[in-house]
Amino acid sequence: MNSIGASAALLGVAAAPGLLAACGGGGSTNAASDAGGELLVWYWGEQEAPGMKDFFEGAVDKYNQAGRDKAGDVRAVLQESDTLYTAFRTAAKAKKGPDVQYLWGGTQALEDVWMGNIAPLNDLLPQTWLDKVDKDARRETFWNGEQWGLPFYELNTAWAYNKKMFERANLDPENPPQQWDDFIAALTALKKSGVVPLGVGFKDAWLGGWLISYFGAQNFDSVDDALAPFRGDVEFSGEKYVGWLEPVKELIDRGFFNDDVLSLDLYQGEQLFEIQKAAITNSAQPQIVGFQRKLGTDTVGVMLSPAWGQGKLARFFPGASQVLTVTSFSPRKDRAAQFLQYLHEPAVMKAMYDASGAISPDTRFDPAWLNTDVDKQMAKLKPTLPSIWYQYYYPFPFERDGVTPGLQQLFQPQGSVKTAVDMMQQAIATWQREQPAQVDAYKKWTLLG
Amino acid sequence: MTSPLTARRATRIHPGQGARARGLIPYLLIAPAALVLGVVFAYPVASLVKESVSSPGLMGGTEHGLQNFAAVLPDPLFHSAVLNNLRLFLAVPVLTVVAVLLATLLFERVRGWRFYRSIIFLPYVLAVPVIGIVFSYILQRNGLLNEVLRNLHLSALTRDWLGDSGLAIWSVWAVIVWQQLGFGVVLFLARLSSIDLSLYEAAELDGAGWWQQFLHITVPYLAPVIEFFVTLSLINMLSWVFNYVFVMTGGGPVRSTYVLELLIYQKAFRDGLPNLAAALSMLVLAFAVVLLSVQSVLRRRIERMEG
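Those protein sequences? They're chains H and Z, same order as listed.
Under my numbering, the first residue of the first sequence is numbered 843, with each subsequent residue one higher.
Under my numbering, the first residue of the second sequence is numbered -8, with each subsequent residue one higher.
Isolated chain H (complex conformation) (with noise of 0.2 Å):
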């Protein structure tokens, strides 16, 4: 009678590698690594970049009929959301699947490094060639002295803002607040004028981790203080980790969020900015781009998140990279470290651009390619400000068990701020007693200097 219980638990078994062995050198390169056969790619990316399928489809075509892989073709293979991670982990327990995966990047693809299913690619890719690929990027997948991820393309993510709504607000619409006391006094304008402020979606919790990474890390002097608290380096409380509360609790006190936060998921809170009831929403640069084209560039912009921190990271771009890992398991590791590097070449990071709007974070990459505003003004912004995305730095049950569940209840109305922090406290425990072995990766984490 315990069927799904039971069934849940058992396939877990096979989806979970012991974490250990990554630690013990389960990315041991040393393998025979030019086997012949077909080079198999996992990857993932058409749902946040449209038209994704359609340029790794032409990529691979084109690098097999050019023969570029004397030993044999590239296959690849679209995965889904749900099943990017179950089906990769059982592949993995049974040593046999991709040669190529994309994963999420920072901390949750490193969790596939500490299992042991991912090789590093400092073996496999000359460093003269790491060097070109982005520092920021790359920093989010070094661990423990080596680069695990190959930054595939950027998902920057910021704010995107209502022009004409501002206006309408008497506010400046060319010059979106930077500094805190700017940002209330423009939600305050904005709600005078009868619209929502900011409209977002946090049902399906995905939120939480959107506003820590927002607004969490502001006061950060490094992006080492992000990983210190699950390092045992520090607690995970005082002004430094937890002070963001109180601005997030201002915004939902004084009314500036949809009065459905809970109601709705991430993308419907988003599309109460496209069919224009909201002033600004939460959202990827991909999207904001699809905005600006449905709206008109006269009415979208895109903001960072306004500083309320006082920390040296209280502005800054809040970049981050999903990508593509040589599996440990993978007996033509060399071939897929080749195939990697094609996807770097100038003239296939431009096609990846402009059939899908996702940009290669590569310093061979011309900026002179983008195309939209959107792109161009955080292309702009980038090397102006300290990169993070507090989110790939800290271990996925924080978020799911602390962070969120924390930020839900301030939007109920008996929340508190303390609950809050309680409720992360918690979840880091849980995480400790529950996953050592993470926890003595995360002792080992020195980030790319």
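Because the hints were derived from the structure by calculation, they are not lab data.
Ideal Cβ placement from N, Cα and C applies to all residues, glycine included.
Watch out, some of these pointers could steer you wrong.
[What the hints assert, rightly or not] So these bits of chain H aren't anywhere near chain Z, every CB distance computed over 10 Å: (1) Pro892; (2) Leu972; (3) Asp1014; (4) Asp1023; (5) Ser1079; (6) Gly1097; (7) Thr1214; (8) Gly1291.
[Said to hold, decoys possible] Result set (DSS-like, lysine-lysine): computed pairs, CA atoms no more than 30 Å apart in a straight line: (9) Z:Lys41 <-> H:Lys937; (10) H:Lys974 <-> H:Lys1222; (11) H:Lys1091 <-> H:Lys1224; (12) H:Lys1154 <-> H:Lys1222; (13) H:Lys938 <-> Z:Lys41; (14) H:Lys1285 <-> H:Lys1154; (15) H:Lys1136 <-> H:Lys1005; (16) H:Lys935 <-> Z:Lys41; (17) H:Lys1285 <-> H:Lys935.
Following the hints, position chain Z against chain H.
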């Protein structure tokens, strides 16, 4: 060279041996089924037990012991999940009483009873994810239900049905009751269709009213099916509500709708902790075994009453 006669003599079975061989035949006949059951049930359960008391060691290898149970038992999320499963148990008496009453009404062949039976049974044949998605729209703060209430000038009754952490589990509860009701009604109606109508005629002659007939004829006659339905529904509330929660709330808001299955799923598939998931599954299994034992005791009592 042996003649057929010699061969027959040689294979003749001793009377004592024949009895023994005949005794083995039932075992041979059930062997394939036993083998299938062993593969389908015994092996997974044995593996589950093994996984629940194993965990990856810090220095490699495998550790054995109760450490997985020690890790999950203090988890507040586990407590919250258990509490929510218990809350869902409260749906069972409601489901049972309403299903028995509706089945009795339909059994009396009220006008249009076939239509009502179909309407009541319809939700049961719909896929849970479809129901979950539809209800997550209906129950939105600005969804259909609240819109109807507003139009009826009942704005004071509008709520954020799935967004309020105090209400969300009860909203899921209500959807489960709505969907599962049809099964109970059809089950009870099937049992009622075999009842001897002369019992009701005799009761009427003795002056028994509707309520007395219901209490003293219908309910006792339905007792074995009620007992089966209650046990099945309790086990469903324990280990078959994942779909509703996953689709409608994902465990939120504020972890207020977590159930044990969702926790098992997350530990196994998202956190890569199959051993913790196995420990949780063992706890669910133990709970289900207790329920089945209670059912077994009840069944014997009912059989004694009937006998």
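So, going through the hints one by one against the coordinates:
1. Pro892: Holds, since 23 Å exceeds 10 Å.
2. Leu972: 28 Å, holds
3. Asp1014: 32 Å, holds
4. Asp1023: Nearest chain Z Cβ is 30 Å from aspartate 1023 of chain H, so the label holds.
5. Ser1079: 18 Å, holds
6. Gly1097: 14 Å, holds
7. Thr1214: 32 Å, holds
8. Gly1291: The assertion about glycine 1291 of chain H holds, with a minimum of 29 Å to chain Z.
9. Z:Lys41 <-> H:Lys937: Measuring from Cα to Cα gives roughly 23 Å; hence the hint holds.
10. H:Lys974 <-> H:Lys1222: Cα-Cα ~19 Å, so holds.
11. H:Lys1091 <-> H:Lys1224: Cα-Cα ~29 Å, so holds.
12. H:Lys1154 <-> H:Lys1222: Answer holds: lysine 1154 of chain H to lysine 1222 of chain H is near 20 Å, not above 30 Å.
13. H:Lys938 <-> Z:Lys41: 25 Å, holds
14. H:Lys1285 <-> H:Lys1154: Given that 30 Å is the threshold and the Cα spacing comes to 24 Å, the pair holds.
15. H:Lys1136 <-> H:Lys1005: Given that 30 Å is the threshold and the Cα spacing comes to 14 Å, the pair holds.
16. H:Lys935 <-> Z:Lys41: 18 Å, holds
17. H:Lys1285 <-> H:Lys935: 25 Å, holds
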